[in-house]
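Asker: Go ahead and model the full structure; you've got the sequences and the hints to work with.
Protein sequence lines, in the order shown, are assigned to chains A and B. If you're matching positions, the first sequence starts at 639 in my numbering and goes up one per residue. If you're matching positions, the second sequence starts at 639 in my numbering and goes up one per residue.
Calculated directly from the structure, the hints in this document are not laboratory data. Heads up, a few of these hints could be off.
It does not matter which identical chain is used: a pair holds within one copy or between any two.
[Stated by the list, open to error] As a list, the in silico SDA-like pairs of lysine to any residue whose alpha-carbon atoms are at most 20 Å apart:
(1) 654 to 688
(2) 709 to 650
(3) 654 to 680
(4) 654 to 700
(5) 709 to 688
(6) 709 to 689
2 protein chains.
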Amino acid sequence: MQTGMRTDTSPTLADKLATAIADGILNGTLPPGERLDEVGLAEQHGVSRTPVREALRQLAMSGLIDMRPRKGAIVSKATPEEIESLFVAMAEMEATCARLAAMSMTPIERRRLQARHESMVALAAAGETEAYSDANVAFHSAIYAGAHNAPLAEYAMSLRRRVGPFRRAQFRMDGRLLRSNQEHDAVVRAILTGDAAGAHAAMIHHVSLVEDAFEAFAAINAA
Amino acid sequence: MQTGMRTDTSPTLADKLATAIADGILNGTLPPGERLDEVGLAEQHGVSRTPVREALRQLAMSGLIDMRPRKGAIVSKATPEEIESLFVAMAEMEATCARLAAMSMTPIERRRLQARHESMVALAAAGETEAYSDANVAFHSAIYAGAHNAPLAEYAMSLRRRVGPFRRAQFRMDGRLLRSNQEHDAVVRAILTGDAAGAHAAMIHHVSLVEDAFEAFAAINAA
DNA sequence: GGGGACAAAATTGCATACAATTGAGGCGGG
DNA sequence: CCCGCCTCAATTGTATGCAATTTTGTCCCC
Numbered sequence: 639m640q641t642g643m644r645t646d647t648s649p650t651l652a653d654k655l656a657t658a659i660a661d662g663i664l665n666g667t668l669p670p671g672e673r674l675d676e677v678g679l680a681e682q683h684g685v686s687r688t689p690v691r692e693a694l695r696q697l698a699m700s701g702l703i704d705m706r707p708r709k710g711a712i713v714s715k716a717t718p719e720e721i722e723s724l725f726v727a728m729a730e731m732e733a734t735c736a737r738l739a740a741m742s743m744t745p746i747e748r749r750r751l752q753a754r755h756e757s758m759v760a761l762a763a764a765g766e767t768e769a770y771s772d773a774n775v776a777f778h779s780a781i782y783a784g785a786h787n788a789p790l791a792e793y794a795m796s797l798r799r800r801v802g803p804f805r806r807a808q809f810r811m812d813g814r815l816l817r818s819n820q821e822h823d824a825v826v827r828a829i830l831t832g833d834a835a836g837a838h839a840a841m842i843h844h845v846s847l848v849e850d851a852f853e854a855f856a857a858i859n860a861a
Numbered sequence: 639m640q641t642g643m644r645t646d647t648s649p650t651l652a653d654k655l656a657t658a659i660a661d662g663i664l665n666g667t668l669p670p671g672e673r674l675d676e677v678g679l680a681e682q683h684g685v686s687r688t689p690v691r692e693a694l695r696q697l698a699m700s701g702l703i704d705m706r707p708r709k710g711a712i713v714s715k716a717t718p719e720e721i722e723s724l725f726v727a728m729a730e731m732e733a734t735c736a737r738l739a740a741m742s743m744t745p746i747e748r749r750r751l752q753a754r755h756e757s758m759v760a761l762a763a764a765g766e767t768e769a770y771s772d773a774n775v776a777f778h779s780a781i782y783a784g785a786h787n788a789p790l791a792e793y794a795m796s797l798r799r800r801v802g803p804f805r806r807a808q809f810r811m812d813g814r815l816l817r818s819n820q821e822h823d824a825v826v827r828a829i830l831t832g833d834a835a836g837a838h839a840a841m842i843h844h845v846s847l848v849e850d851a852f853e854a855f856a857a858i859n860a861a
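Answerer: In structure tokens form, the structure reads like this:
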């Protein structure tokens, strides 16, 4: 799903293309720096250039791709500094959502968050990386939703997507799963007790460690 | 300027149209709910529908307009709850930027912020609404920039634009200028002393009052 | 062998043309 | 008088065609 995307009653070709291309970027088929040729994409999807151009423009606004007039589009390829900024921004957004969630989640939402978290304990212990990763996204999304603020939640999700291409395989690093789960525990406890400041701090801490993991990963790959 | 807009080397027609339409929305020429007819806009600007459509898609992603497949585009017309969410989101973003600015502004940036603030004291005292309003935007922009985080700064600015259509004439309310200036003083003091938590709190307080002003304004207009 | 100018190919930007869906208005039946 | 259906105009979605700029490849000269 795409941030701020048009409400989809019978999605248009351009919309479908936008999600298709975004998927390609997120799952690594289209790596950062890859050139996005209009006719190529058009032929590849069996459509004309017109909807392709509209899809590209939409993706450009989301930050997933870069367009330069008369130069074409490429998958966004950020410098280490820009990637760092993205991670910091994501940490701040997640922390803000966590703080708001601590203040405004309904009792039902709190119970569900706790249940979700507890179910992840088992996954972490069993080392089920893939299932944990999926559950992790759902966990964070639940916190976005708990903030009860659509613009913030959407932007947080958009940032999560945007850093996606740069954080592949993060969970494969030693002990990430168990550690992530412990940090979730701190976040959940703070939210459940309505400790806004604590939720903020715990979430910043959690997401910052993800960033550290990325940096370690990047360092390994650079070597 | 448009958030996440393509880097402009010889802007394309679609880009120029996007800013033109955005200007129309922001200055009230195109009020919320106004229908954005493609052929109308095309004739009005002397271009074909193609660049108009691309501009609209761009604006849709920014949240300034709403598009529904085969139904056309309208200037975003939010419910009171959605407007409330926008104001809350803006307050949170501004506060986050203020906190980061308190932590990471350079000495030069701090001095400039202080100078800018002091120059606004005179404007507030003299009741120069228009000049103060311009300076106010620059003041907040300086804090965004001081956060040293492009994604957060851009999103904060984008939210500021997005609430624009709903906060017209806010400064005309009694005593807003002086009060705004006093609140700025608290924000600036916190930032200059590196008081991150204080900067956050002061900014939330400041922007929340703007929201209250809006609500009062909306209440008057509804009556 | 290296570098620069020119030409051709490729690619983007814009316009026009066509198709398809929506919404409105009219018409007839109840 | 009201309701449903049908038809048609209006509007959006998509394709194609053309113009302009960028890029690439080649040739010539140094």
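Asker: Give me the numbers of the hints this structure contradicts, sorted from smallest to largest.
Answerer: As far as the earlier hints go, not one is violated by this structure.
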